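Trainee: Sequence:
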Amino acid sequence: MVEKMKKSLIPILLILANFSKANSQILLTEIFPNPTGSDNQKEFVEIYNFSSQSIDLAQWKISDNTSTDTFVETGNGFILPPNQFCIILENDYNLATGIYNGIIPDSTLILKVDDATIGNGLLNTSETVSILDDQNNAVNNFTYNNVPENFTIEKVEFANPNSTEWKISKIEQGTPGFKNSISPKSFDLELTEFALVENLTSHFEVNLKIKNLGTSSADSFEVSFFVEGVFDQKKIFAQLSDSLTINFEKNSQLNFGATVLVKIDWAKDEDQTNNEKFLQIPFERGVVLFNEILSSPESGKPEWIELVNATNQKIDLAGWQIQDASGTVIPLSNNFLENEFLVFAEGQTDFPNQSCFELPINWTALNNSSETLLLLDLSGQVIDSISYDSETWDIQSGKSLERINLEQETNEPTNWKSSLADLGGTPCEENSFAGLQPNQKGSVLFSEFLPAPNLNEAEWFELFNNTQNEVNLKGWFVESSSGNKMFLKSNLSTTEFLAFSDTSNLFTNYPQNVCTTILGDFFTLPNTNGTLILKDYFGVTIDSFTYTSNWEIETGISLERINYAIEATDSTIWKQSLAVVGGTPCESNSYQTVKLDYESNDLKINEVMFSPFSGIADYFEVFNTLPTEIQLNGWKVAKTNGDKGLRLFPKVILPNDFVIITKDSSIFKIFPEAEEKTLILPNLFSLTSSDTIQILTPLEKQIDFLAYDENFGGGTGISIEKINPSLENTSENWSSSVRFEGGTPGFQNSIFQEVSQSEVNFDVSISPNPFSPDSDGFEDQAVISWQTNETSLTLDIEIFDVKGRKIRQLANAEIVGGKSSKLWDGKNDDGKVARIGRYIILFKAKNSQGTKILQKKKTIVLAKKL
670 MVEKMKKSLI
680 PILLILANFS
690 KANSQILLTE
700 IFPNPTGSDN
710 QKEFVEIYNF
720 SSQSIDLAQW
730 KISDNTSTDT
740 FVETGNGFIL
750 PPNQFCIILE
760 NDYNLATGIY
770 NGIIPDSTLI
780 LKVDDATIGN
790 GLLNTSETVS
800 ILDDQNNAVN
810 NFTYNNVPEN
820 FTIEKVEFAN
830 PNSTEWKISK
840 IEQGTPGFKN
850 SISPKSFDLE
860 LTEFALVENL
870 TSHFEVNLKI
880 KNLGTSSADS
890 FEVSFFVEGV
900 FDQKKIFAQL
910 SDSLTINFEK
920 NSQLNFGATV
930 LVKIDWAKDE
940 DQTNNEKFLQ
950 IPFERGVVLF
960 NEILSSPESG
970 KPEWIELVNA
980 TNQKIDLAGW
990 QIQDASGTVI
1000 PLSNNFLENE
1010 FLVFAEGQTD
1020 FPNQSCFELP
1030 INWTALNNSS
1040 ETLLLLDLSG
1050 QVIDSISYDS
1060 ETWDIQSGKS
1070 LERINLEQET
1080 NEPTNWKSSL
1090 ADLGGTPCEE
1100 NSFAGLQPNQ
1110 KGSVLFSEFL
1120 PAPNLNEAEW
1130 FELFNNTQNE
1140 VNLKGWFVES
1150 SSGNKMFLKS
1160 NLSTTEFLAF
1170 SDTSNLFTNY
1180 PQNVCTTILG
1190 DFFTLPNTNG
1200 TLILKDYFGV
1210 TIDSFTYTSN
1220 WEIETGISLE
1230 RINYAIEATD
1240 STIWKQSLAV
1250 VGGTPCESNS
1260 YQTVKLDYES
1270 NDLKINEVMF
1280 SPFSGIADYF
1290 EVFNTLPTEI
1300 QLNGWKVAKT
1310 NGDKGLRLFP
1320 KVILPNDFVI
1330 ITKDSSIFKI
1340 FPEAEEKTLI
1350 LPNLFSLTSS
1360 DTIQILTPLE
1370 KQIDFLAYDE
1380 NFGGGTGISI
1390 EKINPSLENT
1400 SENWSSSVRF
1410 EGGTPGFQNS
1420 IFQEVSQSEV
1430 NFDVSISPNP
1440 FSPDSDGFED
1450 QAVISWQTNE
1460 TSLTLDIEIF
1470 DVKGRKIRQL
1480 ANAEIVGGKS
1490 SKLWDGKNDD
1500 GKVARIGRYI
1510 ILFKAKNSQG
1520 TKILQKKKTI
1530 VLAKKL
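670 is the number of the first residue of the sequence shown in the numbering used here; add one for each residue after it.
Rather than coming from a laboratory, the hints here were simulated on the basis of the structure.
All values reported here derive from a predicted model rather than from experimental measurement.
For each residue, glycine too, the CB sits at the ideal point set by N, CA and C.
A few of these clues could be false.
[Stated by the list, open to error] As a list, the in silico DSS-like pairs of lysine-lysine whose alpha-carbon atoms are at most 25 Å apart:
{"id": "1", "residue 1": "K1370", "residue 2": "K1320"}
{"id": "2", "residue 1": "K1533", "residue 2": "K1488"}
{"id": "3", "residue 1": "K946", "residue 2": "K904"}
[Said to hold, decoys possible] So the derived label-pair ranges between C-beta atoms look like this:
{"id": "4", "residue 1": "E918", "residue 2": "D888", "range": "40 to 48 Å"}
{"id": "5", "residue 1": "D1432", "residue 2": "E1467", "range": "14 to 22 Å"}
{"id": "6", "residue 1": "E1099", "residue 2": "I1030", "range": "50 to 58 Å"}
{"id": "7", "residue 1": "T1241", "residue 2": "E1007", "range": "55 to 63 Å"}
{"id": "8", "residue 1": "S1454", "residue 2": "E1344", "range": "51 to 59 Å"}
{"id": "9", "residue 1": "T794", "residue 2": "I748", "range": "42 to 50 Å"}
{"id": "10", "residue 1": "T1241", "residue 2": "T1262", "range": "14 to 22 Å"}
{"id": "11", "residue 1": "Q1417", "residue 2": "K1320", "range": "36 to 44 Å"}
{"id": "12", "residue 1": "E1467", "residue 2": "S1400", "range": "15 to 23 Å"}
{"id": "13", "residue 1": "S1454", "residue 2": "T1262", "range": "48 to 56 Å"}
{"id": "14", "residue 1": "K1313", "residue 2": "K1501", "range": "23 to 31 Å"}
{"id": "15", "residue 1": "T1241", "residue 2": "S1151", "range": "20 to 28 Å"}
{"id": "16", "residue 1": "K1526", "residue 2": "Q1417", "range": "35 to 43 Å"}
Modelling step: build the complete structure from the supplied sequences, incorporating the hints.
Mentor: If you want it as structure tokens, here you go:
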């Protein structure tokens, strides 16, 4: 009986064991705790039967640790077949109209809980969900945390019931009743990477990577490539077990902004959501550039910004924007053709060409002092940017800032200049700088300037066109060392002069000169220390100079440039104007029109009164030896070498005539007849009984120099006079005036004597040469012979070594005439025979009047036997 009972219990125990084992195969596989909006009728829990037996879920329950609900069938009973899903919904979920209608597969068992919520309502943040069998045993549970809105949390591996790995679903609202989106699939290819390699003029290439996420190998699939939605090419692959890298190439460039799509075509793929990727060809920095900006318009006129399409492609600006430093944006739109301009303006303008103007729906005020503008494409990428300020950028009121070169950096201040256009800008047209080239240094030169005018006169400077072409000075400017600028506008013809001033007074001072341009922004020229820099429209320095107090600046007299081939910074090429009116604006400088190539003795000092009677001024007289007149304006008189000298005022000295130079008119008390020939210099230096005087040309070349002393004669009220102006300035050629009044200023000297103009002939020969003073009786002496046409000469003969040292005085003031000779025995003044070598014999001769003077040199060689 017992044995029979045991046998009858075995099937029951096996059934119970299998039932218990089956129950443990019911697992939670998906939970939806955080639907969008209200959770009502949206939350669900998914379970799965991993066993090989059907399981009756009657009296099974679900719990969230605070409330437990029993399952309620929905018309299909409680039996969950093997390897099938069951979806558990809220009790009030409407199967016919609920959000999962048509989504949950027909084969899926649907149950509800016995009240309106699953448990106490699934929390959005953290919750533990448990499944209880009909014996209230927890067969499975899972705790989730912070599930994103409208996504489910899914169990990853179904094949491994013991796996605890869960992930957020890949798709919104999850996968109720079918395989989880994050579960490994048998057949699943994924496009993991898709990137642009290059997009050049003749080559386009993209790179993509495909990974096999499925548990089985992939076979016979295609990868297709589309450009702007149009099929372009495809590649076919027979098999893929792990991963694959593919390149698509074209022999052409794709337009910026074009869309490129790559797609895997494989019928077996269980997840088609990861089979496509697309990219948009990015806009490279600089494809669109800021080209012109009007940030400081005239009153009542709008601001505007001009862009230029720097490519050969059409660009759609939809979604693009300009953003300023404050973050305010100007939305852009419109198609942008290749190399086209597009202007976005604050309002209507009066420019004649408005073909490319757009009025955006929003505008940001452009700051004049400093501003930053970003040009952003639809992805927010910076395509171009500019940061300008009034300190370093050429911002002028009423003029736009124009970009000079599209190839150069946008943020380089030297690449932007104020427009040269008469209207103040060139919107919708090529910039006014288009085609212009920087000018050559020295093409236009400073030629003359007046920094210290007389009272009620004007300052001015003059430019000279140093080229063979007309130069348009529009946009050029002259800058001071402090940064002040005066802008020029005129045309400058070939080799023409142009003067600039701030007042029309210049026309009064120089009425014959009508080339003057009056500048409203003319800055003051310092009297003694200043800098002028001439720059062209590109800011390139064309000419410049800095003058100081060491320059010869005198009130009312301009400084003229005397040499255009030398840099203006060289102070020696700037001289006081020789013009009688004090300057030559609009004309050739005075140094180019007057004689300057004077030679020594063209103007001679002829008389000096160094010790006049009390109350009478010193004076000295100069004599013009030339057959032409000399304008003394700009000449100088000085005392010692290196002295800057004193400039002479305008005064013409006629040929073979005299001019007296003194400090006041007091000499007219004694010499009234000299007034017409007198030049008064109030600052003239005083003379003493032993002094020096030099005469300098306007180029500071010394023409005459006199160093006199008591041996020259003279005395109180008595001048010293030169016997003849043509003689040297030695004491024997000067003596005291014998006129009763004590001098002859302006007239022929009282001691004047005519001087013969015939030449002295003086021929010299030496024999033997070389000679050998060795007392052997052969060529021991050199015979030095001469012949002259003069009957009486005073002769000096001196012998020097090659270092210039005098070794022998062979003749000293000997009176000679006709033919004569001297012997040299080779000895020096000490009676010793000189060393072997070369020697110089110097002959100095003059007649008794001192009017005929000559010097001659001969070389002699002293030798000895070896």
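Trainee: Does the Cβ-Cβ separation between E918 and D888 fall within 40 to 48 Å?
Mentor: For D888 against E918, whose Cβ atoms are near 26 Å apart, the range 40 to 48 Å is violated.
Trainee: Taking 48 to 56 Å as the stated bounds, is the beta-carbon spacing between S1454 and T1262 within them?
Mentor: 54 Å, holds
Trainee: Verify the CB-CB distance for K1313 and K1501 against the hinted window 23 to 31 Å.
Mentor: Cβ of K1313 to Cβ of K1501: about 51 Å, so the range 23 to 31 Å is violated.
Trainee: Evaluate the given range 42 to 50 Å for the C-beta pair formed by T794 and I748.
Mentor: 35 Å, violated
Trainee: Run the distance test for K1370 versus K1320: straight-line Cα separation, threshold 25 Å.
Mentor: 19 Å, holds
Trainee: Could you check the hint for me, namely that D1432 and E1467 are 14 to 22 Å apart, CB to CB?
Mentor: About 19 Å separates the Cβ atoms of D1432 and E1467, which means 14 to 22 Å holds.
Trainee: Is it true that T1241 and T1262 lie within 14 to 22 Å of each other by Cβ?
Mentor: Holds: the Cβ-Cβ distance is about 20 Å, inside 14 to 22 Å.
Trainee: Check whether the Cα positions of K1533 and K1488 lie no farther apart than 25 Å.
Mentor: 30 Å, violated
Trainee: Please test the hint of 55 to 63 Å on the beta carbon pair from T1241 and E1007.
Mentor: 57 Å, holds
Trainee: Okay, E1467 versus S1400 on CB: inside 15 to 23 Å?
Mentor: 21 Å, holds
Trainee: Could you say whether the range 20 to 28 Å given as a hint is met by the Cβ separation of T1241 and S1151?
Mentor: 26 Å, holds
Trainee: Would you say the C-beta atoms of K1526 and Q1417 sit inside 35 to 43 Å of each other?
Mentor: At roughly 37 Å between Cβ atoms, Q1417 and K1526 fall inside 35 to 43 Å, so the hint holds.
Hints 2, 4, 6, 9, 11 and 14 from the list above are not met by this structure, while the remaining hints are.
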